[in-house]
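Please take these sequences and the hints and turn them into a complete structure.
Heads up: the sequence lines are chains A and B, in that order. Anchor point for the first sequence: position 115 equals 767 in the numbering used here, and the numbering is continuous, going up by one each time. Anchor point for the second sequence: position 163 equals 176 in the numbering used here, and the numbering is continuous, going up by one each time.
These are calculated hints, taken from the structure and not from any lab test.
Below are the BS3-like pairs computed for lysine-lysine, each with C-alpha atoms no more than 27 Å apart in a straight line:
| id | chain 1 | residue 1 | chain 2 | residue 2 |
| --- | --- | --- | --- | --- |
| 1 | B | 49 | B | 38 |
| 2 | A | 793 | A | 773 |
| 3 | B | 38 | B | 18 |
| 4 | B | 18 | A | 773 |
| 5 | A | 773 | A | 727 |
| 6 | A | 796 | B | 18 |
| 7 | A | 773 | A | 729 |
| 8 | A | 793 | B | 18 |
| 9 | B | 18 | B | 49 |
If we take Cβ atoms under 10 Å as the criterion, some of the chain A residues that face chain B in the derived model are:
| id | residue |
| --- | --- |
| 10 | 670 |
| 11 | 779 |
| 12 | 788 |
Glycine included, each C-beta is placed from N, C-alpha and C at the ideal position.
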Amino acid sequence: MEKQGPYPFREVYELAFPILMRVSFRITGDREVAEELCQEAFIRFLNRYPPIPTLDQSKYWLIRVVKNLSLNFVKRKGRERKAFEKFGREPMKVQESVEDCLLRKESAARLREGLEQLPEKLKVVLILKEYSGLNYREIGKVLKISEGNVKVRVFRARNRLQELLDEEGEYVP
Amino acid sequence: MCPDKEVLSAYFDGEIESSLMASIKEHIEVCSSCRKELSCLEELRRVLLAEDIPGIEESSVTVWQAINRLRKVTSRERIWQKQLVIPVPVATAFMVLFVSVLSLFFVVSLKQDQPFRTVSKIETLPVDVQIKTIEDLHRAIEGDTTAFEVTILLPQEPIYDFSGKPTLLRAAEYERSK
Ligand SMILES: [Zn+2]
Numbered sequence: 653m654e655k656q657g658p659y660p661f662r663e664v665y666e667l668a669f670p671i672l673m674r675v676s677f678r679i680t681g682d683r684e685v686a687e688e689l690c691q692e693a694f695i696r697f698l699n700r701y702p703p704i705p706t707l708d709q710s711k712y713w714l715i716r717v718v719k720n721l722s723l724n725f726v727k728r729k730g731r732e733r734k735a736f737e738k739f740g741r742e743p744m745k746v747q748e749s750v751e752d753c754l755l756r757k758e759s760a761a762r763l764r765e766g767l768e769q770l771p772e773k774l775k776v777v778l779i780l781k782e783y784s785g786l787n788y789r790e791i792g793k794v795l796k797i798s799e800g801n802v803k804v805r806v807f808r809a810r811n812r813l814q815e816l817l818d819e820e821g822e823y824v825p
Numbered sequence: 014m015c016p017d018k019e020v021l022s023a024y025f026d027g028e029i030e031s032s033l034m035a036s037i038k039e040h041i042e043v044c045s046s047c048r049k050e051l052s053c054l055e056e057l058r059r060v061l062l063a064e065d066i067p068g069i070e071e072s073s074v075t076v077w078q079a080i081n082r083l084r085k086v087t088s089r090e091r092i093w094q095k096q097l098v099i100p101v102p103v104a105t106a107f108m109v110l111f112v113s114v115l116s117l118f119f120v121v122s123l124k125q126d127q128p129f130r131t132v133s134k135i136e137t138l139p140v141d142v143q144i145k146t147i148e149d150l151h152r153a154i155e156g157d158t159t160a161f162e163v164t165i166l167l168p169q170e171p172i173y174d175f176s177g178k179p180t181l182l183r184a185a186e187y188e189r190s191k
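As structure tokens, then:
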């Protein structure tokens, strides 16, 4: 169990952890939960037999598992609301000037709300796009959909978000 | 003519065929409405990325340690796989003990009506995915089935067969071979 495939586990971990953490955190809105789900994903990875042959495939597999775990968590516990509120109450620190920060907080809160309201299919694709550093092809591999499909979903997610923000007015880039 | 918004979104992500890249770039330089569209996309991304999780490094260490604690437990179990040097008398004594325990167990199990009790019942609940075997379960967990809830009903009490293998697994194999 020291190695999974021809590469050391440490390598997989360092490559995938930041992505898994961000994806899970964006879906669950809870850092501790995200940590637990990441741990669960890696444990499943280590217990997997036969091991996954390449580093990239391992990364896609892990992202897919943590995404499913996170979505299931949110659904099962019906915590969507709670997670969002927690997220909203503790805005993350942003190193920016004060005026910038005020403006940022406003639109950030609305954006989070908007992201929350997106249908799951669109939300997941946009989260993967913005927080995982994966390109369309790789996102397609994670979600087992075509590259073209990723392109369409990313666009629709953005479009919906902008519509939501426009409806509430004030959103002037 | 302006490229449609979907194309601009892909352009923004750097996901445009190189043959189209130049002409779109050229157009954007002269078209203020496309430039505005792109700045909207930029603002969207900026806001989304403005709040990274603080201390992701810290989390990384925490989770790494937790995983390693679990792995250590597992590797300790592996002592059974290592070669042990056992003096002959001890080995003989152990073998005798083992055989007698085994036969005792056999006698006890014969006393019951059924030597190998089977799982009392396997219920299939209405779920999105029909899972009958362990393999199905693996496949379902790994697949992109985000929307399913699975309920696996375990037997009332844990039942093991003679070799110590849970009978549930036997049942799963049986179910598959039907
Ligand atoms: Zn234009």
